[in-house]
Every structure is written in structure tokens, then in C-alpha cells.
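Chain residues, written in single-letter form:
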Amino acid sequence: MNPNSEPGTLNPELDHDTPMTSTYIQVLVLEALIIAALWVFGRAFA
Amino acid sequence: MRPLDWLVVVAYVGWIIIDGLRRSKGTDKVDGYLLANRSLPWWAVGLSVMATQMSAVTIVGTTGLAYSTGLRFIQNYFPLPLAMVILSLTVVPFFTRARVYTAYEYLERRFDVRVRSLASFLFLIGRAASLGVTLAAPSVVMSVILGWSLPVTVLVICIPMIAYTTIGGVQAVAWTDVKQMFIVVFGMSAAVVILLYGILQHVGFGQALNLAGATGRLKAVDFSFNLSETYTFWSAMLGGTFLMLSYFGCDQSQVQRYLTAKSIDEARQSLMMSAWVKIPLQLLILTTGVLVFVFYLFNTPPMLFNRVYDAQVAAGPRAAEYAGLQQEFDAEAAARGRAATSVDRTAFLASDTRLKAIRAKALAVVKQASGDDSYNDVNYVFPTFITTVMPIGLVGLMIAAIFAAAMSASGGELNALATATVIDFYKRHFRKDATDGHYVFVSRLATFGWGLFACLVAMRAANQGSLIEVVNRYGSVVYGSLLGVFILAILTKRATARGAFWGTIAGMAAVLYVYNWVPWIAFLWHNLIGAVVVVVVGMAISYTQRPTSVGSN
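Line by line, the protein sequences are chains A and B. Be aware that the first sequence starts at -16, since it is given in my numbering, and climbs by one per residue. Be aware that the second sequence starts at 309, since it is given in my numbering, and climbs by one per residue.
Excised from the complex, chain A in its bound form (with noise of 0.2 Å):
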């Protein structure tokens, strides 16, 4: 390994780096719906 390259140096796509809030919005959402949904039917079926 030459030790004055860095892993990846020549790679122009590397540091694409597109904002992406609406995908962690919809995450968060359905994460919040899947733990509502199972306290629900915890409660149901208790």
C-alpha cells in the first residue's frame, strides 16, 4: 500500500451526498406507527 494514497482518493463518486429528510420523516413515522400498532394488540390480546 503506498502510504501517501487514501482508500478510494480516485473515486469522483464517492462523495455524492444528496439530502434525503423525506425518507428519515417516513422512516421515523412508520416506526412510531409499527410501535403503536403492537401496543394496541398487546393490550387486545392480553
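No lab work stands behind these hints: they were computed from the structure.
Some chain B residues flagged as far from chain A (calculated, every beta-carbon gap over 10 Å):
id: 1; residue: 321
id: 2; residue: 327
id: 3; residue: 329
id: 4; residue: 331
id: 5; residue: 332
id: 6; residue: 425
id: 7; residue: 457
id: 8; residue: 696
Have a look at the derived ranges for each label pair, beta carbon to beta carbon:
id: 9; chain 1: B; residue 1: 508; chain 2: A; residue 2: 20; range: 20 to 28 Å
id: 10; chain 1: B; residue 1: 672; chain 2: A; residue 2: 27; range: 31 to 39 Å
id: 11; chain 1: B; residue 1: 545; chain 2: A; residue 2: 0; range: 27 to 35 Å
id: 12; chain 1: B; residue 1: 513; chain 2: A; residue 2: 26; range: 16 to 24 Å
id: 13; chain 1: B; residue 1: 823; chain 2: A; residue 2: 12; range: 33 to 41 Å
id: 14; chain 1: B; residue 1: 500; chain 2: A; residue 2: 27; range: 16 to 24 Å
id: 15; chain 1: B; residue 1: 510; chain 2: A; residue 2: 27; range: 18 to 26 Å
Beta carbons are placed, not taken as given, at the ideal position from N, Cα and C, and that holds for glycine.
Mind docking chain B on chain A? Use the hints.
Below, chain B alone, put in the same frame as chain A:
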């Protein structure tokens, strides 16, 4: 296990090994061997991230846990989507832009070499210990099926895994993980179908849910705030979030997965895959365990699923007592089945309680007769179901899935251990200017060495309660401190190298103190305690020093 099942197992494991070895092309350079030349697509990285976490421990241990306690373990995964979002916003672009091989390299740039080495060392000891447990799970399965000794079983699983990981590097690991995920999901879905078919012969679906619910097994969410309760909503969202952030953000076995992605975008998408899929996938596995419980309401279960000491107990002085318990158990299991079928909730619960008491007595007899205080049967529940109930062909497929899960998850961890050893210690402290070929050779040696070490740990770990909990317990000793030092590095400008170093030592000391002397605090809280102590002590020490510019202290 019939010949067709063995054929499926041998064919699948053989395919995994041969394909893993085939992936060794392009691994003659360090970038290729350790990072797959940063060329993997997001879906392959995403599946690899999940597969590295979802090992054979998950299949064997989680189903056993759900059989005994129900769905509540799912709470452990509640913080995962939030953690994935936080990591996508913070460490993913951070590590990718830093062009690092290991997460700990960054700590030297931010602090100094002592902090980097300490963090990497913590990762090595924590991960090496849990790797042994990851390997122990399928060894347990094979011990049940074949009556092999544990050391022989461990070696049968370890040798192929060490071979393809040593030769093929991270590419072999990642593509093996992809295959594993498909086979595990297919196998677990098949198990659910077979369980439902068996249950619906006796009761309707709604009644099956009522029976599981009556025993508390469908109570997935517990909002009580109790530090001594292992799985509650609050221990998960507070302690568990720290565990997830630390595991996916500071553990090289996970960081290395997304460092192989083509870009920051693809690395993020790979983590989002876990955010979407992980909770439903764990629910599938836990539901399987609960359905196994319901199935055995109508089919007499073994009194104890772990039969390893049967002969010893039968030949010992308490043989008559054990045989009496067996008769009592069989009669009570039949009574419970009748109560379940006739929808007599009170009689069913009373009978279930009596059965538990008989099982507890039997467990005590076996422990006393065998002299094995750590004897348990949690991890034997699902393997017993597979081998005694599932149809020919599917038995082989499920066993192959467990084998493959063990090999691919362990392979990822082995690969990460070797990377940290070579990049953070060998290259940093011993040979800074060697050739690529030399570092690849040393990486292969390190992979092989860690593989042997893991085999030895696996032989010790097989009888330590539910294996999935053992893995998390080991991890929780170091993960909080690791997260704490990364919080100091990434989120504060005022923290100094001395503060980070001694803060990390203090965090470890605090967690070890709690682990040994305050055992009533559930292990998920150890992550929170470790991280908070590192940050508080680290900042306090930092404020006793003059401020220095980031990267120069």
C-alpha cells in the same frame, strides 16, 4: 435429518464456500481486501449490514427467547430506525469523506494515537468475545442433532468460514451475507406457514392469539420505568439507542460494511434499508418463537428441550424422580392442551403455571445430576422444532440457513477484527511503509488468528443462557464507552486528547463496576452509563486544559 436434508445442507454450505473463494479476485491490494475497492451497490451493503447483525444467534436465541417470554425482545430494536437516521446524517458522510479504513483512524486525527489505539483495543476485546458467542449458536444446534461434542462442532463450522474469509476478504463476506439474508427470510417464512398449518388443525387463528396473549407473550411494549427490567420501552429508547448508535456507528464490523459502498448516498441507502426492514424482520423471527409455543400447546413438547444429559440423569441416583416428573409433565401437558382447545382460560393458565413448575423441578434435577449449573434449554427450542416437526428438505434448508448465518455474520466480524488489528496496530505502530502485498498477507494472517481465537471462545460460550442476550451483554460492556469517545470527537470542539483518553478509561471502569457490583441494572443501561461517563469525565478533564485547535491536540 434424512439424506435429502443432508444433501441440501452440504450443497448450500458448499456453494457458500466456493462462491466465497471465487470472490478472492481483486483482493491482492489492501483496498480490495478490506474495502472491496468501495464498489458495492447499496442493496448488497444493506443486506450485509443486516446479515452481520442477524447471525445464527438471532435465529436460535431469539426464537427461544420468544418461546419463553414472548415478543417483548422486539423493544430492543425500537431505537434502530432513529439510530440509522442519526448515523446517516452524521458518521456516514463523515467517515466516507475522511477516507478511513477503520472508524478509529479518525480518532487519531481528532485527538491522538493513544485515543485511537484505546478505542480500537476496546473494539477488539468486545467484538472478539461476542464473535465466539456468534459461533456457539450453530454449534449448539449441531450438538443437538448429531450428538457431536461441542469442540468438534465448532471446528466443523469454523474451518470453512475462516477459509473463505481469510482468502476472499470483505467481498467474500458481503456477497455471502446477501445469499444468507434470502435463505433466512425464506426459511423463517416457511416455518411460520408450517406452524400455522399445525395450529389451525386445533384452534382458529384468533383463539391461537388469545392463548399466546393470555400467557403475556403478545405484550410487546412495556412502558414501565424499571431499571432492573431488561426489556422495556424506556430501556430500549434510552439505553438501546446508545447501543445502536455505538454498534452501527463505532463498531468496525458495521462501519466497514458501509465503507465498502460506492458513495455517501449509497452508504446512506444501505442503512435506510435496515431502518425500514429490521423491525418487521425481527417481528417475523419473534413471532415464529411465539407460534412454536402455541404449536406445543397441542403437541406434547419435550419436558426439557436440551437432551444432552438425558443418559446421565437416567443412570444417576435421581433417575426415578426424573422419570416421575416426566410422567407428571406429560399428563399436565395433555391437560393444558385440552384446556386450550376448550377455550377454558382459567384452567389453561393454571395448567400452564403447573407445567412451568414441573419444568423448573426437572431443570434443577438435571443441573444437580450433571453438575452443570449453567444448563438451560432456551436455545434448543427452535432446533428441536425444526428437526422433529418440519418436513423433509425444509429441515435441511433451515439447518443450512443457521450454518450460513453463523458463517457470514462471523466472517464479517472476523474481517473487521483483522482490519482493526492491521490498520490500527500493525501498520500504525510496527510497519508503516510496507507494500500492499505485505499488508494483505498480514491481514490474512490476522483473520486466521482471530478465527482460531473465536473458536476457543465459542467452546466456552455455548451454555451461557440465551445466546442473543450474551452477545448484547458482552457488547454493552464496551459499546457505551466507544460511543462516548466518538461523541467527544465529532460533537465537541473543546474536548482534548487527554480528556478523551481518561474519559474512556473512566467510562469502562464505570460500566465494569456496574456490571459486577450493581447487577440489578439491566445491561441495556450500561451503554447509556458508559457514554455519559466518558462525555462528562472527558469534558471535565478537557476544561482543566487550555483549549487547542481540533486535530492538533
